[in-house]
Amino acid sequence: MTVTHTRADFQTDQEVRWCPGCGDYTILASVQNFLASLNRPREQFVFVSGIGCSSRFPYYMNTYGIHSIHGRAPAVATGIALTRPDLSVWVITGDGDALSIGGNHLIHAMRRNVNLKILLFNNQIYGLTKGQYSPTSEPGKRTKSSPHGSIDHPFNPISLALGAEATFVARTLDMDREHTTEILQAAYEHEGTAFIEIYQNCNVFNDKAFIQLTGKEERVHNRINLEAGKPITFGPNGEKAVVLEGGEAKIVDTAAVDPGRILVHDPTRSDPTVAFALSRLSHGPYGPTPLGIFRKVRRPTYESLLDHQVATAIAKQGPGDLATLIRSHGTWTVDANGHAVEAGANGAPKAGSNGAG
Amino acid sequence: MVIRFAGDSGDGMQVAGARFTAASATFGNDLATLPSFPAEIRAPAGTLPGVSSFQVQIADFDILTAGDAPDCLVAMNPAALKKNLPDLKPGGTVIVNTEAFDERNLAKAGYETNPLEDGSLQSYRLIQVPMESLTKEAVKDTGVSGRDVLRSKNFFALGLLAWLFNRPTEPTIEWCEQKFKNKPEVAAANIAAFKAGYNFGITTDATRVTFEVKPATLPPGTYTNVTGNIALAWGLIAAAQAADLPLFYGTYPITPASDILHELSRHRNFGVKTFQAEDEIAAIGSTIGAAFAGNLAVTGSSGPGIALKSEAISLAFMTELPLVVVNVQRAGPSTGMPTKPEQSDLLFSLYGRHGESPVPVLAIASPSDAFDAAIEAARIALKYMTPVILLSDNHIANGSEPWRLPDVDELPDISVPFATVPNSEKGFLPYLRDFETFSRPWAIPGTPGLEHRIGGLEKEANTGNVSYDPDNHQLMTDSRAWKVATIANDIPPVEVDQAGDEPGDLLILGWGSTFGAIKAAVRRARNAGHAVDHAHLRYLNPFPANLGEVLRRYERILIPELNSGHLLRLVRAEFLIPAIGLNKIAGEPFRIAEIEARIDEILGEPAQVAARR
Ligand code: SF4
Chain F
1 MTVTHTRADF QTDQEVRWCP GCGDYTILAS VQNFLASLNR PREQFVFVSG
51 IGCSSRFPYY MNTYGIHSIH GRAPAVATGI ALTRPDLSVW VITGDGDALS
101 IGGNHLIHAM RRNVNLKILL FNNQIYGLTK GQYSPTSEPG KRTKSSPHGS
151 IDHPFNPISL ALGAEATFVA RTLDMDREHT TEILQAAYEH EGTAFIEIYQ
201 NCNVFNDKAF IQLTGKEERV HNRINLEAGK PITFGPNGEK AVVLEGGEAK
251 IVDTAAVDPG RILVHDPTRS DPTVAFALSR LSHGPYGPTP LGIFRKVRRP
301 TYESLLDHQV ATAIAKQGPG DLATLIRSHG TWTVDANGHA VEAGANGAPK
351 AGSNGAG
Chain E
358 MVIRFAGDSG DGMQVAGARF TAASATFGND LATLPSFPAE IRAPAGTLPG
408 VSSFQVQIAD FDILTAGDAP DCLVAMNPAA LKKNLPDLKP GGTVIVNTEA
458 FDERNLAKAG YETNPLEDGS LQSYRLIQVP MESLTKEAVK DTGVSGRDVL
508 RSKNFFALGL LAWLFNRPTE PTIEWCEQKF KNKPEVAAAN IAAFKAGYNF
558 GITTDATRVT FEVKPATLPP GTYTNVTGNI ALAWGLIAAA QAADLPLFYG
608 TYPITPASDI LHELSRHRNF GVKTFQAEDE IAAIGSTIGA AFAGNLAVTG
658 SSGPGIALKS EAISLAFMTE LPLVVVNVQR AGPSTGMPTK PEQSDLLFSL
708 YGRHGESPVP VLAIASPSDA FDAAIEAARI ALKYMTPVIL LSDNHIANGS
758 EPWRLPDVDE LPDISVPFAT VPNSEKGFLP YLRDFETFSR PWAIPGTPGL
808 EHRIGGLEKE ANTGNVSYDP DNHQLMTDSR AWKVATIAND IPPVEVDQAG
858 DEPGDLLILG WGSTFGAIKA AVRRARNAGH AVDHAHLRYL NPFPANLGEV
908 LRRYERILIP ELNSGHLLRL VRAEFLIPAI GLNKIAGEPF RIAEIEARID
958 EILGEPAQVA ARR
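Chains F and E, in that order, are what the protein sequence lines are.
Each residue of the first sequence is one higher than the last, beginning at 1 in the numbering used here.
Each residue of the second sequence is one higher than the last, beginning at 358 in the numbering used here.
Rather than coming from a laboratory, the hints here were simulated on the basis of the structure.
Ideal Cβ placement from N, Cα and C applies to all residues, glycine included.
Reference excerpt, derived from the structure (chain F facing chain E, CB under 8 Å, subset only):
| hint | residue |
| --- | --- |
| 1 | Arg42 |
| 2 | Gln44 |
| 3 | Val46 |
| 4 | His67 |
| 5 | Ala75 |
| 6 | Thr83 |
Covered by chain E, according to a simulated footprint, are these stretches of chain F (three or more residues, beta-carbon under 8 Å):
| hint | segment |
| --- | --- |
| 7 | 59-65 |
| 8 | 303-312 |
| 9 | 317-324 |
| 10 | 328-336 |
Whole structure, please, built from the sequences with the hints as guidance.
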């Protein structure tokens with residue numbers, strides 16, 4: 001069934017309560033516009049979130065939704081996806097939610113390839129609890145909980161997702177709505193877990209964290225756009241290029257290398273090694289940083305395998321029959337005199353034939 | 358007649374016990390079993406911690422427990438003898454595998470002299486069998502070799518017991534043929550050993566006296582022998598059918614609940630979806646998702662795992678989603694004694710959550726009772742849109758008893774219709790309550806026009822919108838509590854098994870797996886002349902509406918529990934009644950004699966009572 005939607009159809013009557021200027025607004029608009037463009041019935045979408053600023057998201061989406069527990073959204077969403085493959089299930093999470101308290105659920109959802117679209121809003125800070133360092137904050141960051149500077153080594157979310165063998169791994173930016181929409185489209189079409197890291201500006205507690213990628217001056221030098229089938233070059237005139245050297249991705253001057261050595265981006269490589277190497281080009285948005293789809297490969301979804309097992313079992317054994325099930329361990333019958341008179345399944349003997357002779 | 362098989366955990370005592378039980382069941386005996394596993398999976402062979410045992414009581418009357426003291430003990434090695442002999446009835450029969458009584462094994466078990474030779478077993482009927490060489494001899498032409506040869510010695514023991522206790526042999530032989538279909542040499546070896554054991558019984562002087570245990574007189578019907586975990590799994594499948602919903606079971610492996618997962622995962626042809634999650638929290642998280650999506654959603658665990666699920670149970674309570682949470686209790690705290698039973702999670706079930714979150718709590722009384730209890734827990738969860746905690750324990754989970762099979766066409770209809778259309782002029786109000794049940798509508802994703810969001814934040818009454826309004830929080834807190842409290846009107850009143858026309862001198866109030874021991878103790882006490890009544894609670898929250906009235910009929914109330922007095926506290930607090938407790942926290946069920954002794958303590962020796970009258 002197709003329907004015609006506008007963004008307004010996906011908006012709720014709830015007042016959006018993020019701080020003015022928060023990057024979350026832009027992402028919300030991108031997602032609402034994107035869903036409207038699909039012309040798919042609204043009731044077929046479910047948004048599941050954990051706890052944090054970004055996790056308020058479902059309240060603003062006029063779809064089905066659950067605002068669950070800190071870190072647990074992938075688990076809750078898994079229960080929905082496994083039992084209702086007819087739905088489009090989205091997880092909205094943040095760097096604290098997904099990578100700190102919920103790290104376990106995130107990696108397991110990805111390795112199982114549950115059909116979830118996971119949007120990780122990475123603002124590199126705890127916003128809702130008012131400004132503590134997060135698992136993606138840069139080392140040395142001074143926050144309320146790290147007045148002497150953070151001594152935590154940060155996660156690289158893309159490397160983590162690739163390590164968990166996610167079948168779709170991408171990164172985009174809140175500000176760049178066109179790029180975000182492209183990635184959302186590809187994620188939506190992907191069968192299986194799609195992990196999207198979205199750099200999201202928290203203008204209250206971590207403003208300009210992504211300035212190297214969003215600033216007018218800076219971005220032309222730092223955005224490495226990953227485009228399938230194209231050699232990876234960047235810079236105002238493509239003067240920088242990415243090559244593989246000893247298994248590592250390296251940035252070189254385009255002019256200094258044989259054009260044939262420039263890495264041609266191919267997200268469909270089944271081995272995640274090259275994608276991983278690309279993810280190591282940056283350890284945060286502090287200099288040249290790849291954006292786009294790192295990996296997009298096919299692997300059966302968890303729910304399709306589960307459904308296959310159910311279908312196979314029914315085909316082989318027939319639909320389950322409760323009366324047969326409760327007799328499957330063997331039975332015997334007791335008559336009105338209280339004597340065991342006959343035995344049922346499993347070849348149990350009649351009373352009296354007990355071989356005592 | 359109580360028989361205990363004891364040996365090294367590698368000696369196959371659980372298999373021998375289970376086969377003996379199965380043969381007895383098909384013979385028509387009533388029975389009850391109590392397996393006991395070593396705590397460590399790889400405890401060193403031959404040592405006391407490595408001893409595994411299986412106890413079964415068989416009788417020709419209806420029995421309620423696996424029995425207290427064994428009449429017959431099979432000891433496969435010195436450690437098994439040392440650990441189990443103190444429980445044996447005076448004059449009981451001991452069957453030993455003599456070849457295991459060498460110096461090394463004696464030392465490992467801590468024997469300074471050989472008990473087979475030093476006269477210490479004089480007060481028992483000792484049957485000495487060189488089981489290893491006889492088994493070797495019996496299986497030599499079957500094709501098994503090496504270490505597999507001695508593996509059949511449990512079947513030798515089983516064969517001997519079959520003869521001693523006049524058990525039918527065919528079920529065991531056919532079971533071996535079935536079970537080892539793909540390993541015919543193992544089947545042949547086990548059968549050969551079994552027959553050899555049986556024939557050893559026939560031919561040797563030492564064992565000429567046989568015991569007769571006649572078939573029990575059970576109510577007419579078709580029976581099977583079932584453990585609590587299996588009955589629970591089947592009950593969940595039945596509940597899903599009765600609710601006309603797909604069954605989703607999200608869980609994480611934990612002793613002693615894992616068998617529920619094992620059983621359910623075999624039945625994909627019932628449309629059952631089992632999900633072995635990455636941890637306990639994910640297990641219940643997925644279950645909450647499945648509930649939202651329109652399944653009969655169930656999670657199961659044991660105490661430590663339930664602790665991890667606590668936050669999520671509150672979410673299910675807050676969002677008002679139907680969920681069954683099974684807790685197969687084990688001895689705690691912490692890892693405690695994972696293979697031993699205890700009832701120490703009752704207060705935790707009622708109060709072990711943050712915030713005001715009262716959830717219904719039900720308890721299973723015996724292995725076969727798990728079937729009905731599972732259906733009832735699902736009924737309450739669905740009708741009242743609430744998580745329900747269903748308490749089992751290790752004794753129920755691994756114990757077995759004959760179960761008179763229900764007519765599955767007579768299962769109650771527990772289905773609850775999903776919301777399909779808006780329930781107000783303002784559109785769909787996800788927290789608009791039903792007048793009668795106080796429950797809210799269940800609208801599942803995919804239903805057009807009913808899109809809504811739920812979550813852990815406090816919700817405005819009716820609309821479900823996020824609300825920080827003080828009056829609303831009070832109203833919603835009261836509404837949720839009231840909803841659960843009113844379930845008391847929708848459950849059967851507590852029934853008293855009363856000895857006479859009038860209430861007796863003492864009421865024993867129990868819950869959970871103590872059912873059998875209490876029942877048996879009450880029966881004995883009555884035979885001895887005491888007027889003792891018994892009531893057993895299925896519903897721990899809310900209590901049945903008539904409980905207070907029932908309790909007030911008695912001057913004396915005894916509450917036996919395998920904990921420090923949880924129900925006792927609840928009853929005292931709720932009804933201001935001076936009930937007294939009988940409490941045991943030893944990782945094992947009550948012995949009938951323990952309850953009987955407490956009854957005598959309270960009411961006096963039966964003779965004195967008779968004199969008073
Ligand atoms: S604290 Fe930061 S992330 Fe949270 S709403 Fe405000 S700006 Fe956005």
